Amino acid sequence: MKKITIDPITRLEGHGKIDIFLNDAGEVENSYFQVPELRGFEKFCEGRLAEDMPQITQRICGVCPEAHHMASTKTLDDLFHVDPPSAAKKLRELFYSAFYVTDHTTHFYILAGPDFVMGPDCPVAERNILGVIAKVGLELGGAVINTRMKNHHIIQMLGGRAVHPVFGLPGGVSKGLNEEERKEVEQIAKDSVEFAKLSLKVFDDIVLKNKAYVDMILSDAYTHRTYYMGLVDKNNKVNFYDGKVRVVDPEGKEFVKYAPRDYLDHVAEHVEPWTYVKMPYLKKIGWKGFVDGKDSGVFRATPLSRLNAADGMATPLAQAEYQRFYSTLGGKPVHQTLATHWARLVELLYAAEKLLELSRDPEITSTDIRTIPTAKPDEGVGIVEAPRGTLTHHYITDERGVIKKVNLIVATVNNAAPINMSIKKAAQALIKPGKEITEGLLNRIEMAWRPYDPCWACATHALGQAPTEVTIYDSRGQVVQRLSQNLH
Amino acid sequence: MKLKLALYWAASCGGCEIAQLMIGEKILKLAEVADIVFWPVAIDVKYKDVEAMPDKSIDCCLFNGAIRNSEQEHMAKMLREKSKVLISYGACASCGGIPGLGNLFNREKIFERVYFETPSTDNPQHVTPQPKTQVAEGKLTIPEFYDTVKSLPQTVDVDYFIPGCPPEERTTWLALEALIKGELPPKHTVISHSAKAVCDDCSRKKEAKKVKAFYRTHQIFTDPEKCLLEQGILCAGVATRGGCGAPCPKANMPCTGCYGPVEGAIDQGAHFLSAVASIIDSNEPEEIQKIIDNIPDPVGTFCRYSLPDSLLRRARI
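Going line by line, the protein sequences match chains A and B.
Numbering of the first sequence is given in the numbering used here, commencing with residue 1 and proceeding in unit increments.
Numbering of the second sequence is given in the numbering used here, commencing with residue 1001 and proceeding in unit increments.
Okay, chain A solo, but in the shape it has when bound (with noise of 0.2 Å):
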């Protein structure tokens, strides 16, 4: 076979490793997605103070601390079985919108944009932010620049620090907002609304108005049939911060809709020796390997997975977004992974109306913003919806409220078993016996998982790339080809 080497390099470049093995004809047999890189948070926390929780496992993430911190200090009102005032969630709600808009919003411009934007053959000099900006104009990057850190200046305001605030109490907030600080904050959402909707008409524009992207969205090179979960409220609709775990099935009818506490009869990991992180599954379906279907306890959390997993967003704005996009697309539920980044621009919306709508709220300014908690703690469980997937905090403690037991189901880690299926899925539509691997097309493989916006290279969500070396064998286990690329 012959060797085509575009980029030797070795394995110690990055947090994240694919390798693909080929059979005797030359075709993908297999393929292997590896997270190097284990912390153990779930050990180290025992010991630890339970309300210093947000704080400690905020850094599990510093790119969305925020998520971390918010699943923790809900985890927090139920151990501490202390109810936060009124105005205190409504805050928080708050915070984590503005939290949703820079995330989101970093996502799709600087991450997945440049795929769409620049094409996925264009060159890698070009295939970059500064792409997307010479492309789209000066005028929408400073919107985009401006919008993640306005959004950070609302963290900041409320949190004390853009990264790993000091927010999250049990029972509370630490900090409220004064009418100076709500006006800002208003001012700030009405402009991310407006961002939000320009990114849904770039959308349009670049995307949808393009039969060649538009085929790729929808080829089977890119879609895999699975469970979709995420969280909503009592109306079914999509929600980041509270509510109901829903899961509906490959046919999009509910499977289960299951309360933070109950997530254990419902949600199972899977160990593989091959790679720190595990995999989790519907546990009453069973891990049946790596394989989609109704048959198969894979699911997948991501902003697909969520407008799947409900009936609709409770934003009038991104409600007419959400039906435009299901519409388009030929109904619920949509399997095709690359419709993530539009389902994340619904979500930006959706976010931003959310955030408008709370800094208009006739209470957001009250100063009653903690209880005090008096009854004893003992066991709390914590859901949000981080950008990534739904993330689950599980905590035990002593009658001191001193941690003894810690349990984890990061966002990013939901999605696993689907990346790895996703990319051997792309590996074996795209390389083929006698085909020239081109950057471009690794770079089609790239976008197989782009979507699930993997949190284990975490820091790359700025910048957009993460080191990942990607290694191809032969039947033999020879080398055929290695390259670093920079997965995002």
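Hints in this document: simulated from the structure, not taken from any laboratory.
Quick caveat, the model's predicted, so the values are computed rather than measured.
It is possible that some hints are incorrect.
[Unchecked claim] 30 Å max Cα-Cα, derived DSBU-like pairs, lysine-lysine:
id	chain 1	residue 1	chain 2	residue 2
1	B	Lys1290	A	Lys404
2	B	Lys1004	B	Lys1212
3	B	Lys1212	A	Lys404
4	A	Lys135	B	Lys1029
5	B	Lys1210	B	Lys1290
6	A	Lys288	B	Lys1139
7	B	Lys1250	A	Lys89
8	A	Lys288	B	Lys1132
9	A	Lys376	B	Lys1212
10	B	Lys1026	A	Lys183
11	A	Lys376	B	Lys1109
12	B	Lys1056	A	Lys150
13	B	Lys1109	A	Lys283
Got chain A sorted already, so can you dock chain B onto it with the hints?
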């Protein structure tokens, strides 16, 4: 000639990369005088390219994250060889940080919890991740997970430190500006706006008051004008280097110590502990015991970010 700059991450959360981006438009100023030759998070320079660089050919490397596995140790050693100046960026690299709390346990205990014992894990065969795995199609490798987390200075010689979890934007820029101007301070300097305690940055009023009780953050409402420690909240500001601007006390929460020890202190935790002991308003052993009973996690409270670098270093295994 332009400066050659490298940036790397080890056992960390990615918050340091975000902190580096927080310098915003100043990044253009940096780009005028420096070329980034290695930044796995951002640019596509290969590991092999770095290995091929002559020793000391990188002018400055900012290294964040603790050393928790074999890959991170290897990279720390290599970047030390290739760099004229090696800067430990952030709490994890400098003192071990939050992942350093892993030193209360070892690999076996951590694996046991993560892969066997957690209630959602279904692993009857007791499979654990292995450095080498033979799968049907070939061999797969991942780095070896160590028992003990080490800081960067416990692994290689470090020239400077930038404190924080993550460092505030002003601190990052202070260091980069010194680098750009060629005005780096004496070796081993901790680069921050202050060598004194966070209390110096904090606007809360101190009245040299002693306390009869300590409270946990969720147990009381605090006065927003007064010193948190003097209200019985364990605020680490007194034993923590300033320069951050005291953002946590400003948001009504105590400093937790992320900027590391003040100048001259050997052990941040011991310093914090002695400061706490000195404000207890009692001379009765029984009463004192009662007062300190409301500090149930001394390690996590006093050495939140500094366990690997502290005199304690780790639990016995």
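Status of each hint after checking the structure:
{"no.": "1", "hint": "B:Lys1290 - A:Lys404", "in the structure": "holds, 23 Å"}
{"no.": "2", "hint": "B:Lys1004 - B:Lys1212", "in the structure": "violated, 55 Å"}
{"no.": "3", "hint": "B:Lys1212 - A:Lys404", "in the structure": "holds, 28 Å"}
{"no.": "4", "hint": "A:Lys135 - B:Lys1029", "in the structure": "holds, 24 Å"}
{"no.": "5", "hint": "B:Lys1210 - B:Lys1290", "in the structure": "holds, 15 Å"}
{"no.": "6", "hint": "A:Lys288 - B:Lys1139", "in the structure": "holds, 23 Å"}
{"no.": "7", "hint": "B:Lys1250 - A:Lys89", "in the structure": "holds, 21 Å"}
{"no.": "8", "hint": "A:Lys288 - B:Lys1132", "in the structure": "holds, 24 Å"}
{"no.": "9", "hint": "A:Lys376 - B:Lys1212", "in the structure": "holds, 23 Å"}
{"no.": "10", "hint": "B:Lys1026 - A:Lys183", "in the structure": "holds, 29 Å"}
{"no.": "11", "hint": "A:Lys376 - B:Lys1109", "in the structure": "holds, 29 Å"}
{"no.": "12", "hint": "B:Lys1056 - A:Lys150", "in the structure": "violated, 40 Å"}
{"no.": "13", "hint": "B:Lys1109 - A:Lys283", "in the structure": "holds, 26 Å"}
When each numbered hint is compared with the structure, violations occur for hints 2 and 12.
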